[in-house]
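A.B. asks: Protein chains in written order, with the working numbering: chain F, 1 to 321; chain G, 1 to 310.
Hints are computed from structural coordinates only; laboratory data are not their basis. Computed from a prediction, not measured in an experiment: that's the story for all the values here. C-beta: ideal position from N, C-alpha, C; glycine also. It is possible that part of the hints are untrue.
[Said to hold, decoys possible] Distance windows between CB atoms, simulated:
(1) G:S125 x F:R79: 41 to 47 angstroms
(2) G:S125 x F:Y81: 18 to 24 angstroms
(3) G:T159 x F:D85: 18 to 24 angstroms
(4) G:I54 x F:N281: 19 to 25 angstroms
(5) F:N281 x G:S200: 23 to 29 angstroms
So you can see what is in the structure, the chains are spelled out below.
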Amino acid sequence: MWQNWALSLYNKISQRPVRRRAGSSETAGKSWTEFFIESTIRVLGFSTIGFVLLIFLFLLKEGLPVLWEVSPGNLFGTRWYPTFDIFGTLPLILGSAYVTIAAIAIALPLGVTTAVFVRESAPDWAREILKPLIEVLAGIPSVVLGFFGMHAIAPMVRTTLNVPTGLTAFTGAVLLAYMSLPTIISVAEDALDSVPKSYRDAALAMGATNWQTIWRVVVPAARSGIAMAVMLGMGRAIGETMAVMMVTGNAARMPLSLGSIFMPVRTMTATVAAEMGEVANGSVHYHALFGIGIILFILTFIINILAASAIFKKRRKGGLR
Amino acid sequence: MTQVIDRRGRPPISMLQLRFLSICLALLMSSGVLSSCGGKKSETGAGVGGHARIIENKGSDTLVNLALAWAEAYMVAHPDMSISVTGGGSGTGIAAMINGTVSIANASREMKPEEIKAAKANGISPVEIAVAHDAIAVVVSPSNPVQCLTIKQISNIYTGEIKNWMEVGGENRPIVLLSRESNSGTYVYFLENVIRIGNSKSKLLFSPDTLLMPSSEGISSEIRQNPNAIGYDGLGYVTGDQKVIAVSKSGNGPFVVPSAQTVKNGSYPIARPLYMYTAGQPAGQIRDYIEWILNGGQTLVAKLGFVPLQ
Chain F
1 MWQNWALSLY NKISQRPVRR RAGSSETAGK SWTEFFIEST IRVLGFSTIG FVLLIFLFLL
61 KEGLPVLWEV SPGNLFGTRW YPTFDIFGTL PLILGSAYVT IAAIAIALPL GVTTAVFVRE
121 SAPDWAREIL KPLIEVLAGI PSVVLGFFGM HAIAPMVRTT LNVPTGLTAF TGAVLLAYMS
181 LPTIISVAED ALDSVPKSYR DAALAMGATN WQTIWRVVVP AARSGIAMAV MLGMGRAIGE
241 TMAVMMVTGN AARMPLSLGS IFMPVRTMTA TVAAEMGEVA NGSVHYHALF GIGIILFILT
301 FIINILAASA IFKKRRKGGL R
Chain G
1 MTQVIDRRGR PPISMLQLRF LSICLALLMS SGVLSSCGGK KSETGAGVGG HARIIENKGS
61 DTLVNLALAW AEAYMVAHPD MSISVTGGGS GTGIAAMING TVSIANASRE MKPEEIKAAK
121 ANGISPVEIA VAHDAIAVVV SPSNPVQCLT IKQISNIYTG EIKNWMEVGG ENRPIVLLSR
181 ESNSGTYVYF LENVIRIGNS KSKLLFSPDT LLMPSSEGIS SEIRQNPNAI GYDGLGYVTG
241 DQKVIAVSKS GNGPFVVPSA QTVKNGSYPI ARPLYMYTAG QPAGQIRDYI EWILNGGQTL
301 VAKLGFVPLQ
């Protein structure tokens, strides 16, 4: 959710007229308070970068020792039994990837079609109701969703699909899809919004139906924005912990077949959250958990970079495509 | 969305601003370092200065929460006392007691003969005090017809050798294994005493298909609604809507349901007393503290999921 919020904030800030350096030197002697406020804001802005760097350094410091404390064969093995010094991270990495991809597969069609509906074809009163409702969705605490998933969705999954247990990757993916929907919808909606009216007008003037206009002109024109929406949704999904820990069963098995979606999995986030509380400070297990943190950090970093590159590409082509 | 990157033409930061920034960063980092050191210092420092009446208490991780609860309650009633509780495992606690660094060692097992010998060599005759009982109940859904299991059967179920309830006299259903998270003391105890049947050379492990639940609530909610599930937990955590399995140590032996009674008389096989060891007969404040644990402190035992002595 924060990405969304940060983006809209960024938008607001960058909308103000950019103050030129020449202008500020004219008034340089005039006001110390202005200089003070400006530099405070600047330092605060830059400190964000500092924080991220410091966090990453801390992660590296605590996590890297695992590379020489645990043999690579063990570290990339298929079994995770930290109590017995078996630190195979592969089932955890695959578990996270599996749940996240399944969640996006569910959320992408739902999110994009909702965004299309809200932006293109909903009557005004429906839009007025839907938009704030979608924002409210984003505000539901994940532990509440997790509780709901554990007590309502998991039993339903078990009885309707007739699988041994309802605590499965699928249950987790459903919850994650639900949680990444607000991000996907509002970012995709912004992307649709930035398609110029002339495109729609041109398509309609050529005799295209409303549906053809939306599906063949507007959505393709907004696709880089939609790609960014998916990436941000993915970043949200892969980092989610509490709900996932409560409904995916946390069994560290290798999700190799397609059928594994209806079996339990253990994600990286759930592993760190469940085990960090009791682990001895500075032990191999402690370093291994930070190692997982590094992997997660790098993955979300890559996803965010991909999302950012989607915006940059969009700008280069003049706000479209 | 297009305004997002429209930030060209922003002035470069001046030297002054850069210096200010670096000072801020340096302050930030140093404060972080200082505070983390300070935290550690105050923790260990409490044992040396300040209070005159200090009891050091170290050992079993199973017992650590109970020992902490005791220490906290006792310190509220006796504000002049300071009791520090640390975990680390039964062996660590006993070793520290033998070395004389702690006055009370917590242990979830009896002292080994070689440990007693080492203590005697150090001029210490350890005194064993049972402070609580710990029993682990094996639970299934109330709709599961299975009533009793032997330890061997439970072991085979949890290693994944038995995969269907039919093999132990139940319905034709797959078995879903539930366990506490691997950092819980119950997990290790269950592994060593049930899955490995007390054989220290055994290398058996939980099946990778075992669902690790982050909480007792996770286990009970799944047990309640899923007839395929089997789980285990401390007796104190078992709620009324779960079916507790009667367990037998041998193939034909009596099947016993865990209760305060069967745990105390030793007939329930997955149970153990929890001990505190002192160096010599406890005296002074230590004696007062242990007497309080054996009487007033017992009310806390059940609250933390253990079986009280009386």
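A.B. asks: Going through the numbered hints above, which ones does this structure break? Give me the numbers in ascending order.
C.D. replies: 2
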